[in-house]
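Given only the sequences and the hints, what does the whole structure look like? Please build it.
When we follow the working numbering, the leftmost residue of the sequence shown carries the number 9, and every step to the right adds one.
Any given hint could turn out to be false.
[As the list claims (entries may be wrong)] Have a look at the derived ranges for each label pair, beta carbon to beta carbon:
| id | residue 1 | residue 2 | range |
| --- | --- | --- | --- |
| 1 | V47 | G146 | 36 to 44 Å |
| 2 | L38 | G130 | 36 to 44 Å |
| 3 | S97 | L38 | 33 to 41 Å |
| 4 | L37 | E84 | 34 to 42 Å |
| 5 | L42 | P112 | 33 to 41 Å |
| 6 | V113 | A79 | 49 to 57 Å |
In short, the hints are calculated from the structure, not lab data.
The beta-carbon is built from N, C-alpha and C at its ideal position, and this holds for glycine as well.
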Amino acid sequence: MVGLNGPREPFFGKYGFYKAFEPEYDLHLLMDGLGHDYVNTSISFKPWPTCRAMHPGVDGLLQLREKYKFAGEDIESIEVGLNRLAFESYIVQPHAEKWNPTDPVAARFSLPYVISVAAQHGQVGIGDFRRETLGDPGVRRIMAATRVEVDPEIDRTHGRHQNPPQQSM
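Here it is, written out as structure tokens:
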């Protein structure tokens, strides 16, 4: 039998996963609990057809809609607070692209677009990412009135890796 050679250092090598996708990884976060904690225990259902990093914002906005019974037309502005990692990431940056997504993939990774869809329609569905729906005037109006910034408290409590602070007993 003849085998095939794969990359010698697929995770940490020059062209490895972490160099390509997570250049500021924390090795202790990766290795602590190895063989004891299993990632599959934290896998969850993805309720919105968007990047997972946007789900808390969608959930929060929908909770506010339900509690205060407002519609998209009632919204004057939206302010979203994030930690620095999320603010500097691909869901908010580059600003011009995220506040004006022109294709379905860009829209799925645009926090302002996804939040505005939730605000306007009370849900986020796969149909909201069709090319012909990206110009929805109600969504565009809300998106233009949406501001995203780093919230110091969120950054302090849910900083680099967005883990909740440890509770002391």
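How the hints compare with the structure:
1. At roughly 39 Å, the beta-carbon separation of V47 and G146 lies within the given 36 to 44 Å, and the hint holds.
2. Between L38 and G130 the beta carbons are some 39 Å apart, a value that agrees with the proposed interval 36 to 44 Å.
3. Range check, S97 to L38: about 19 Å between beta-carbon atoms, so the 33 to 41 Å window is missed.
4. At about 40 Å, the CB distance of L37 to E84 agrees with the hint of 34 to 42 Å.
5. The beta-carbon spacing between L42 and P112, approximately 37 Å, falls within the hinted interval of 33 to 41 Å.
6. Taking the beta carbon of each, V113 and A79 are about 28 Å apart, not inside 49 to 57 Å as hinted.
Hints 3, 6 from the list above are not met by this structure, while the remaining hints are.
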